[in-house]
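Engineer: This is what each chain is made of:
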Amino acid sequence: MTVSQLATNWIIAPTILPAITAAILILMRQRDIEVQRLLSVVSTLILLGVALFLYDRVSDGVPQAYRLGAWPAPFGIVLVIDRLSATMLVLTAALALAVLLYAIAGWDRRGRHFHALFHFQLLGLNGAFLTGDLFNLFVFFEVMLIASYGLMLHGGGAKRLRAGFQYVAINLIASSLFLVAVGLIYGVTGTLNFADLAVKAPAVAENDQALLQTGAILLLLVFAIKAAFVPLHWWLPATYAAASAPVAALFAIMTKVGAYAIIRIFGTVFGDGTEAEHLGAVVAPWVVPAALVTLAVGTAGLLGTRRLLNFAAFSIVASMGTLLVAIGQFSIDGLTAALYYLIHSTIAGAALFLIVDLITARRTVKLDALVPGNPISQAAILGTLFFLVAIAVVGLPPLSGFIGKLMVLDATYGVPRAWLIWATILVTSLMMTIAFARAGSTIFWKTEGQTTGPGWETAAITPMVVVGLLVGASLMLAVFAGPAVKALQATAEQALDTQAYVRAVLGSRENTEPARPITEPAAEAEVTPVPPQEAAGD
Amino acid sequence: MELIVASAIGLMTAAGVYLILQQRTFPIVVGLTLLSYAINIFLFTSGRLVINEPPIITGANSYADPLPQALVLTAIVISFGMTALIVVLAIRGFLETATDRADLPEDDFPDETETGS
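Read top to bottom, the protein sequences are chains D and P. First residue of the first sequence? That's 1 in this note's numbering, and the numbers climb one at a time after it. First residue of the second sequence? That's 539 in this note's numbering, and the numbers climb one at a time after it.
Just so you know, not all the hints are guaranteed correct.
[Unchecked claim] Calculated Cβ distances over 10 Å to all of chain P for the following chain D residues:
1) R57
2) A105
3) Q166
[Unchecked claim] According to the in silico footprint, chain D covers these stretches of chain P (three or more CB under 8 Å from chain D):
4) 558 to 567
5) 607 to 619
FYI, nobody ran anything at the bench for these hints, they're computed from the structure. Note that the coordinates shown come from a computational prediction; the quantities given were computed from them, not determined experimentally. Cβ coordinates follow ideal geometry from the N, Cα and C atoms, glycine included.
Whole structure, please, built from the sequences with the hints as guidance.
Structural biologist: What follows is the structure, encoded as structure tokens:
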């Protein structure tokens, strides 16, 4: 076994490690919570280490594939890592560590199995970022969702149960749509492997094109539900506002899974071929308008909501709008901006949920209602943190949101209807500034009566440090924007380079003529003149 | 056979969608179940409908595609687990809030009125 093979085997580690950890954590449920916390944190630290190692491995620019059971590529299951996957892995692990440190200050005690569910969630997330075929994307989505159902209900209560029912129902519908899309695409192309799909999709017969495009649009719908596109966004504020704060902060990466899947499927897999006929072009006209409406709706929600938790949730919707405007360009500049904004908005969104939780915990009377109330303890430090997080989320200098939005504006300069995109982004930024200024001044300045919340001697310090670290991460992302953008540009170029991806997975096979696997229904369709859905042998 | 299978899928999907659009949790759960049945059969047909053929290549020009069958099996397991979960959620929600409505009522937030001043 050579060194490179050994490194290839590491690709599966980000899925195995959380799976084993979660299993051990279930066995340890009777043990002291301190032991569980220790194992949970150590495992997440190792995961971060593995993610960084893998990132380093793929930074030479060549995607690498891990074939499960060494089955050759289009037949067996493959995990593929490239810069995009590795970036998402590192982001997930880093966010998970921050959220976990926040949760062990107390939230994890408020229900059972928090740590086990947390690691199952990481398993689903990492798997979704690594998988190299459509059906396993579905499976890892489900793993991620099952864990998220448990996490969302963490802490219990009638409100969480009601919101949880809606969340589960909408995701079951999304899963059904996903399976329809999988069925359509398999029925037409005879493969679900990303690389194989990329080779076969352009070669699909003329009369099957409509089916393939229907499948592609259905996939976009599924990812749109995950990414909270308008009009499929309505589940998000209810769910995130009902979930406990650390869970909502971890969910900040869940919407990004939808964004990642859009980049992977419509950028890498279906992005190949001529400008007019590739499948990315079929969905592209829908993405940007929907993204602009998402941004507007998110901002309207920020202005209109009367609760801090909903406020934080709507900021996620708005940030997804900005992100998808950039993704919708399907250009290298657009994708670079999108990836930068993705990292930024994950950090900022999580930080916002955590700071809102710190504030809510201290407002013992009004809780998260956005109305004047009692002054809170540690107002100076929490106020400063809220101010900094607000700057990051809205996109004002000097934090990373500013650079992110600037890059999005720059990437959309000169595209058709750029004025509309610019106007929407700039006006919504102004509106968001107003919304945050109003929320901040209501909570921290319009106060009367006695100070509520724990004093310095009883207050937990770690949660504040975690929020501070997240703000620091945003600042670092801004300070080191040069190297970061350079790396992300390489990532974007690689994500749109279908041929390199195909080479990594299928090896030299893509040169051998269509290389159809023997289980190829299309060959059968040539024999039978009837349309494929009706092709049968009765 | 295609007509029967296609009609069955269409009918179950239509019934499922109708039930999902109801206000109460039980019809929604039944609707989701019907929808998952429809999807399972749909997935099954994506490998083409064939009768009395081996699921492997034997040199004959007709065979049953084994992959959709594997996919359906996975999909059945997942949708079964999900249905169990959502049933529990619906029952717990009913027991804790004494209503089986699926929407989130405005007055779900008890301190909304007192802070309205």
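Engineer: None of the hints should be skipped; say for each whether it holds.
Structural biologist: Verification of the hints:
{"no.": "1", "hint": "R57", "in the structure": "30 Å, holds"}
{"no.": "2", "hint": "A105", "in the structure": "25 Å, holds"}
{"no.": "3", "hint": "Q166", "in the structure": "7 Å, violated"}
{"no.": "4", "hint": "558 to 567", "in the structure": "holds (count 3)"}
{"no.": "5", "hint": "607 to 619", "in the structure": "holds (count 6)"}
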